[in-house]
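Given the coordinates of chain A, assemble chain B onto it according to the supplied hints.
Chain by chain, the residues run as shown.
There are 2 protein chains.
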Amino acid sequence: MSVLVVGSVALDSVETPFGKADEVLGGSANYFSASASHQTRVQLVGVVGSDYPMEKLEPLKARGIDFAGLEQMAGESFRWRGRYRHDLNSAETLETRLGVFSHFKPKIPAQFTDAEFVFLANIDPRLQLEVLKQVKKPRLVACDTMNFWIESRRPDLLELLKHVDLITLNDGEARQLTECANLVQAARWIMDKGPRTVLIKKGEHGAFMFNKDEIFYAPAYPLESVFDPTGAGDSFAGGFMGWLARTGDLSEANMRRAVIVGSAMGSFVVEGFSITRLLEVTRADIDRRVADFHRLVSFEKALDA
Amino acid sequence: MSVLVVGSVALDSVETPFGKADEVLGGSANYFSASASHQTRVQLVGVVGSDYPMEKLEPLKARGIDFAGLEQMAGESFRWRGRYRHDLNSAETLETRLGVFSHFKPKIPAQFTDAEFVFLANIDPRLQLEVLKQVKKPRLVACDTMNFWIESRRPDLLELLKHVDLITLNDGEARQLTECANLVQAARWIMDKGPRTVLIKKGEHGAFMFNKDEIFYAPAYPLESVFDPTGAGDSFAGGFMGWLARTGDLSEANMRRAVIVGSAMGSFVVEGFSITRLLEVTRADIDRRVADFHRLVSFEKALDA
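Top to bottom, those sequences are chains A and B. Quick note: the first sequence uses this note's numbering, first residue 58, plus one each step. Quick note: the second sequence uses this note's numbering, first residue 58, plus one each step.
Take every hint as true, because none was put in to throw you off.
Below are the DSSO-like pairs computed for lysine-lysine, each with C-alpha atoms no more than 30 Å apart in a straight line:
#, chain 1, residue 1, chain 2, residue 2
1, A, Lys-250, A, Lys-194
2, A, Lys-358, B, Lys-269
3, A, Lys-193, A, Lys-162
4, B, Lys-193, B, Lys-250
5, A, Lys-259, B, Lys-269
6, A, Lys-269, B, Lys-358
7, B, Lys-77, B, Lys-259
8, B, Lys-259, A, Lys-269
9, B, Lys-250, B, Lys-194
10, A, Lys-358, B, Lys-358
11, B, Lys-219, B, Lys-164
12, B, Lys-269, B, Lys-190
13, A, Lys-190, A, Lys-162
14, A, Lys-118, A, Lys-164
15, A, Lys-190, A, Lys-118
16, B, Lys-259, A, Lys-259
17, B, Lys-118, B, Lys-193
18, B, Lys-250, B, Lys-164
19, A, Lys-219, A, Lys-269
20, B, Lys-193, B, Lys-162
21, B, Lys-113, B, Lys-77
22, A, Lys-358, B, Lys-259
23, B, Lys-118, B, Lys-162
24, A, Lys-259, B, Lys-358
No lab work stands behind these hints, which were simulated from the structure alone.
Chain A extracted, bound-state conformation (with noise of 0.2 Å):
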């Protein structure tokens, strides 16, 4: 099955303390998309300026995104411009110049009305509302927000929980939304107001999946050099929902296998700007990490001594 996403489709300027990019792709459909598309089809909804490089795109057409639903306007293409200090663990955002974004209103394709799995990127939850009024029955819909949405659209959002089957967002966020300090509450929180589950991102410190009655941590792979953060929460829920659509299996099992197949994607696009490493990978490269992070929680608990 594929998957479908809906998010910005972005130019970005980096600069960390190992070198700088200019004007390289970005934005969460990008980074989502190069990301799934190792397991899976990907469609694509998203909105780029009359400037936005369309050539560079077509690695990503080449991997079997499909960008019926980019739409082009007259108008500049959405730009980033941020900064990474030493210790990596925020980014410090120099401009942000919306551009045609501002007017966004996504339209998903006929073809792609019927997607099964469906990802909201980080948009206003009033866009992602109407999103999900133009799908016709996915079997599970993903949503991802940030703290902008969290304090301006709170009633918006409240409404679009009651409407997805999942969450992502990181540990400040969940906090801010639920005003819980500890985060087991914090999901319970929110699983109260609709999504069965709840993924929550800690950055470095890796992410937790409450689904239900089941908490299953995954930790960050522990990587001797971070290149650039960017892109790593949307690269983790591409791997993560891709792998679901690859293998259409939602028991508890399987979404486990979903989250360390995210966290092997959010591990390796942190090893180069933009989506280079995305590219670049190969599902040997991704079954090896995985393996890694096998090695890297499993004990045996048999304690009889």
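Only chain B this time, still in chain A's reference frame:
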């Protein structure tokens, strides 16, 4: 085999958002011992003042902790007063009165000098080195340290590293000691200085064990409510060392189990003030939490879909 611990025996007064406790058992050696006593016999070396409520140590003696190395000196006992705010992430020290602890010169009783497992809790590295001169031929020596010693006793700490098999420290301390932001690089730096095992504790974000070429990661247990974080690190160390001493097995597989036993003890101690929970929990509780940890991180890596 038993385990020898040298550290502080204190009286703590703690305030958390959930309550307060006055003049309760505290100090690294108390936490370590109460935790380790679930696995094996413990020999404790420390110092208290003439005002220490010795009767409060009875429950620890009943658990097989040998206080023959606890010196009682004229003067005041070590007292710490601290407060945790809502997020419980860091203690705010309101008062530290070292009392007789500032004159602590650890003397290892003759019957403790053939200790095979030795834990040098967080004290002046010069004293930690003095202890090592007094023990004959330990199989495993582990030490803890803190920011204060990293700053003020760096040469002594580096000398100590040559003589210990294992060091436990938190992520901030590892970064401070090594001047590496990346924890994998930091662990390698430390291993180059002597220890073959580095345990990096990340509080609510779990712990890494770097053991020769292996990396093992254990999450902190996702508790719904943390009552008082004091002593989590020492209880972790007590569970870890206690398990190793009990089994006498220093294989990678068994050290991983030891990390999980330590994590279980760390997760119990924060459920109450002081060592209360460490005295309450049973072997069955520990086994159950170890099983919960196993469930928390387990996934099947089979990726053929």
